[in-house]
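Chains as they are written, first to last, in the numbering used here: chain P, 3 to 310; chain Z, 3 to 310; chain V, 3 to 310; chain F, 3 to 310.
Since the hints were derived computationally from the structure, they do not count as laboratory data.
Don't take each hint at face value.
Identical copies look the same in the list; a pair holds intra-copy or inter-copy alike.
As the list claims (entries may be wrong) - Cross-link-like lysine-lysine pairs, in silico, DSSO-like; alpha carbons within 30 Å at most:
(1) K252 - K231
(2) K280 - K27
(3) K263 - K252
There are 4 protein chains.
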Amino acid sequence: MTLDPDKLARTHVAALDQILGVPFKVLDDGFVRVVDYMGSDESIVQAARVSYGKGTKKISEDRGLIRYLMRHRHTTPFEMCEIKLHVRVPMDCWRQWIRHRTANVNEYSTRYSVAIDAAQKTTPDKWRQQSSSSKQGSQGFVDPRQGKSLSHEEVELQEYVRQVYQRRLQAGVAREQARKDLPLSTYTEAYWKIDLHNLFHFLSLRIDDHAQVEIRDYAQTIGCEVVAKWCPIAWQAFLDYRMEMMNLTKLDVEIISALAKGQRESAMALAEEFGWLKRGEKGLKRNRERSELEDKLRRLNLAIPWRD
Amino acid sequence: MTLDPDKLARTHVAALDQILGVPFKVLDDGFVRVVDYMGSDESIVQAARVSYGKGTKKISEDRGLIRYLMRHRHTTPFEMCEIKLHVRVPMDCWRQWIRHRTANVNEYSTRYSVAIDAAQKTTPDKWRQQSSSSKQGSQGFVDPRQGKSLSHEEVELQEYVRQVYQRRLQAGVAREQARKDLPLSTYTEAYWKIDLHNLFHFLSLRIDDHAQVEIRDYAQTIGCEVVAKWCPIAWQAFLDYRMEMMNLTKLDVEIISALAKGQRESAMALAEEFGWLKRGEKGLKRNRERSELEDKLRRLNLAIPWRD
Amino acid sequence: MTLDPDKLARTHVAALDQILGVPFKVLDDGFVRVVDYMGSDESIVQAARVSYGKGTKKISEDRGLIRYLMRHRHTTPFEMCEIKLHVRVPMDCWRQWIRHRTANVNEYSTRYSVAIDAAQKTTPDKWRQQSSSSKQGSQGFVDPRQGKSLSHEEVELQEYVRQVYQRRLQAGVAREQARKDLPLSTYTEAYWKIDLHNLFHFLSLRIDDHAQVEIRDYAQTIGCEVVAKWCPIAWQAFLDYRMEMMNLTKLDVEIISALAKGQRESAMALAEEFGWLKRGEKGLKRNRERSELEDKLRRLNLAIPWRD
Amino acid sequence: MTLDPDKLARTHVAALDQILGVPFKVLDDGFVRVVDYMGSDESIVQAARVSYGKGTKKISEDRGLIRYLMRHRHTTPFEMCEIKLHVRVPMDCWRQWIRHRTANVNEYSTRYSVAIDAAQKTTPDKWRQQSSSSKQGSQGFVDPRQGKSLSHEEVELQEYVRQVYQRRLQAGVAREQARKDLPLSTYTEAYWKIDLHNLFHFLSLRIDDHAQVEIRDYAQTIGCEVVAKWCPIAWQAFLDYRMEMMNLTKLDVEIISALAKGQRESAMALAEEFGWLKRGEKGLKRNRERSELEDKLRRLNLAIPWRD
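Using the sequences plus the hints, can you model the full thing?
Written out as structure tokens, the structure reads:
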């Protein structure tokens, strides 16, 4: 590595500077805004190239290099970018958010100050139904007429609980204790600082449709409004190679290979062996792994051998 | 290091094996219990001694070595011990707990299952008053007659909110959304696994009297009921060298040195220079750093030069 | 979650207890041996089920659950297992090993003790040739006659450097400084403790054939000799769903889908658009991403559209 | 917290911008230089104040707040500052450096590129003697005449080993293997990115005089040349409250309190009880903890009761 004796200037990303401090609204009263950042697509390249030493600077073009790093999970260069957000989030959602342990956090303290007087409200058309297929998901919406009464009841609940909270404060109860019955829907705020590699990990889990709608909205906003502007090349690589990537397990590969060779019988035999083709009275029994492969086959336009 | 060719047996701590799985009650409906562990005082010594190689095994006696490591913050050998707890904690308290990022956690999911039907209740005599000196603390208790009405109101609130929660579930609302207005006092459960070094860090912050009473109760229980049995030598060292240790800042040292030489004048001059002796109408103005030193001087039985 | 009031016994894995303390030889003078552990396949299941609360214990059978967790990267339950190894590794290899930051480490100190008197030696038939296709890999071996002289020279070098080291010590030079010119091939030893999730991450990177042969040998040994005995179900899931898994990028999926629909033309157009089909004098120019897809197509028995 | 609707500008620190990219020389051929950074003293305050919500902005003045945070180990606000350095360090020293696991690192790869052709050389007057009191330290210097021959021998050794390395490369040996006998004194380079809290932790351990001279030089340079310019208030607080702080253990406090009350007898009794006053033929036997207290008493100008 040749040491460049010139002084450096800090990395700037004009598109991000434009939105510095600007809140992007999420949910009914939440937001995400960028407070500060360090690095850019260029810093990823710079970090990757420290490995190569002098003389190899022109081998790969920047975009190609970033895409290569993403594709092959060379993650450390992405750690060289750092971003600090100011977020406003319902505590219920924050409970999920904070499980990501690699970030730096300073949260609004309801010990020190009176709790933020805002709770996330659900409108009549947004009460989601329990999913029948997934124990931890939702699908479709509750009838809006019923939704109306649920929303009405929620407003009442939140007002009532806030009054109790206020009465406790007026009675001289310590803030740290008065807050104990506040609803999880109460908004909190925090500074949240994280490097780009760990942010991508957060986004990959939270943009995913297994994530809960609320945190998904935040993740989408961070991804599309912030990261897409900050490190556009890395963001595109992330979409192409992680978000919209398909995983084929060893079992999937074996079955597809058999099918591609025209050996439908041996594909069926493999599926049988994996325990995927057990039959009940109504035909094939549900099998999670088999239906995962079916989804992949559909996306690849390949025929599903056990369906006629 | 000579490699001992014999097979090893796992470390066991009889006193801890005795309480494995036994819940220690905390708060009205919480608990802490040990599920599994790895290592002991002996493992700390073993890890420290890998540094010394063969031939030095007898230099220090185990207890002395552990105490030396603790005193000098040689923390890595303590990381060789690991413990897994099963805890039941109000979410409000868990919000503080989870801020310790170095633990492994699996928490009860209220997306997947119906929320635990228990919320932490405050009895009439346990409503703490807001501290007048600290924005984030409490002191003394609210009048128990008022406490009675606060407690009554809390029970009502918790019952009402639970009913709303149940109505949502009955209306088919997804669990992940129905839970959004549950009170922070709702109990949750988790497996929580951490190494001894990071556990000591957790305990030092959470046994401290700046910590909130609730989490302090958990920390006390973990320290006195669990760690004291698991690694008694390390636990005693932790008390002697961390919990009951006194920090003297550079400024404190300068003042005490001056006093010890009998130079009260120059001690006063130093305090003046530090901005500790500003006077208002009622004498010395409050100064946090000065009163911290006063507390230390009292504990050391040394005179406070600016008090007569 | 119903609290089981009975006392617990610690998890034991008989197959692992059998090899506790037994060194598995790696390289010419290195080893890996298990010193202690916590947890088992069963602990992974237990941790995952804390999410489901009571009543759902029988839904999935253990094996299916572990495989599901692995397939969907639900990683936290794997963090509930912990293992402590004693390893002996050349410093050159240790430099790569230590880059995994999530482990607990106590290493033999060459400040405190005289450096271990052993350096890793390469036999005449094991000098690997620089790879022509990868800047950071090797392929094939140097001619053994030349290898013989390289090995001879290495023995001489190591002996000479050791003598210099000894002369420094005899001259009273501090160990911390005397060691400064020791070769990277010098062996070091360490206790290395890590949870199963992070161990799988280590193994996935270090068993991979892009990893250097030396650390690959250690990773293979840890995987096949240790993890396979400790958590056999998780290990098999790791092989099926991570080690032998195939990633299809968004671009790969688009091309395969087109091919599967019989639209070779549009598959070619896509590849063209991706910049994969640039031609030089000798036909298609090298393109890393294209050749990655070609490898996948071969493994899937699918035809490569741009090859005739 | 009131949301400021105005756009933000990034934090800048003029004094640090001045030295961006400028290498500070360390050892004979090493350096440290700042590549980029995020945050400033102001960001620490901003992060701390998120806790306090609106209305409390003027309570503490910035300097006082930062000093309070440092004194009371409220560490998270310091995590909001991040810095990226480019360093050139002998591998021997880097082995210690890399043990700090909380940083982001991209290191020069000797698999990918030919090893940097520079090794750290010791001049005749800089060969340190093994400490007689500490197994892992040094004291004074070896006689410079002997030093001369040691230095001469080192130059020869380094040249010889480099030639062997070159011969291997010429013989076509892969770089990843050819490097295996390079001396630990060989320089490496890396980008190293860390937040201010973890940097202070690094500095507190590595500026300490138990640290090895070489890494101490780097730590000193980072502290005095970089952090002092970047966050001058936090740096001063770090010196006052951490680097030059004195820890009194519970045992120390008990003895000093007794002395301060004039109870020399009971102070002696305590020391006896602690096992600090064992006598051999030549008077008091060495006792590490006792001599640590003696050092503290001297610094405080307090008399040592067991010395007459």
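Now the hints, each set against the structure:
Proximity of K252 to K231 under the C-alpha cut-off of 30 Å is restricted to the inter-copy arrangement: shortest distance 21 Å between copies versus 37 Å within a copy. Taking the closest pair of Cα atoms, K280 and K27 never come within 30 Å of each other, the shortest separation being 49 Å inside a single copy and 45 Å across copies. Taking the closest pair of Cα atoms, K263 and K252 come within 30 Å of each other both inside a single copy (17 Å) and across two copies (24 Å).
Violated hints amount to a single one, hint 2; each of the other numbered hints is respected by the structure.
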